[in-house]
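Student: Work out the full structure, taking the sequences as your base and the hints as a guide.
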Amino acid sequence: MIKPFDTQLQVALRALNEVVAPALTGAEKHVVEQLHLTIATLGFVKERLPQARRYYRMELRSFLDLATQAVTLAGVGLADACAGLDDCIGAAEALLLDPEADLPDYEAATGALRDGIARLSSEAAGTPRQQELERLILNGSKQIIEQSRVWCVPFGFEPAPDALPAAKWL
Amino acid sequence: MEIVYRWLIANAPVLDRVSIVHGDYRSGNFLFDEGAGAITAWLDWEGATLGDRHQDLTYATMPTFQHLAEDGVTPLASGMLPVEEFFAAYEQASGLSVDPDRIRYFNIYNRYLVVVLLLAASTRASMHSGTHQDVLVNYVAGVGYIALSDLRDRFAECAG
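Quick note, the sequences are listed as chains A and B, same order.
Using the working numbering, the first residue of the first sequence is number 1, and each one after it goes up by one.
Using the working numbering, the first residue of the second sequence is number 1, and each one after it goes up by one.
It is possible that some hints are incorrect.
Said to hold, decoys possible - So these bits of chain B aren't anywhere near chain A, every CB distance computed over 12 Å:
#, residue
1, Val14
2, Arg17
3, Arg124
Claimed, not checked - DMTMM-like, lysine to aspartate or glutamate: derived pairs with alpha carbons at most 25 Å apart:
#, chain 1, residue 1, chain 2, residue 2
4, A, Lys142, B, Glu157
5, A, Lys142, A, Glu100
6, A, Lys142, A, Glu158
7, A, Lys46, B, Glu157
What the hints assert, rightly or not - A partial selection of chain B residues facing chain A, derived with a Cβ cut-off under 7 Å:
#, residue
8, Glu2
9, Ile3
10, Val135
11, Val137
12, Tyr145
13, Arg152
Keep in mind that the hints were calculated from the coordinates and are not lab data.
Remember, predicted model here, so these are calculated numbers, not experimental data.
All C-beta atoms in this analysis are idealised placements derived from N, C-alpha and C, irrespective of residue type, glycine included.
Tutor: Set out below in structure tokens:
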């Protein structure tokens, strides 16, 4: 029987917490710190791994929405830059329909959309569309960044995690 | 980030006086002699440059390095004193003015810098096994989206 990832992470974490950490009492602070950071990193992976596919699909959809709005707004005045982003939009839409798609595929498609939006924004600089497009990107990026913050909550850096919006991928 | 970068280039103020800029000017980067009540050394100079004093002044007041005062409301620059008091103390000690427009500019500049350090430099360094503390650098990158959110919000206010 192949063990679930969750079980494997659970046993590794228990060994580090209950066997290795007590054995390092009095060890150099640098060593103990790296152990605790390793435990915390594995804890993050254990919590988020089962949700990763849903998160990456949600993130891709968010960038897809923003890219589609950006192309609609930029219109014919920036045809070349829009054409490049249109290709990324088409690829992302196809990927979301592909049952064989894997996490790196979602990450790559999201990265391509993000780069395409940035390129379009650069092309729009100095044109009549610049201000409106920048406003669209700033407004649209708010909820994307907030969801990234929600995803990172298990790292423990959020001063008031309860004040963040609900996780959209769950 | 592309939009903020263009804004920073377009709005960079003309330097009124060349200063030694530390680049990571905050609590945690100095040694303090409690007996003498004095700072005895500044550490971590790898980001140092010749530039505008307002860069360090705003860096020390970044939310990332703030604590709240005992009243639970007042932010303390680098956990030490309220921002306005900090600027006033700087003016008194240095004899140099603190320009609100430059403070506004460098508030965006430093937020941009911190996001690059966290979400690009730290992530890349740990991804490529670039330091002896990869696990630390990787973990700290977890603050990156808080910094990016802060940059987005401050820039949206600033750019109107």
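Student: Tell me the hint numbers this structure goes against, listed in increasing order.
Tutor: 5, 7, 11
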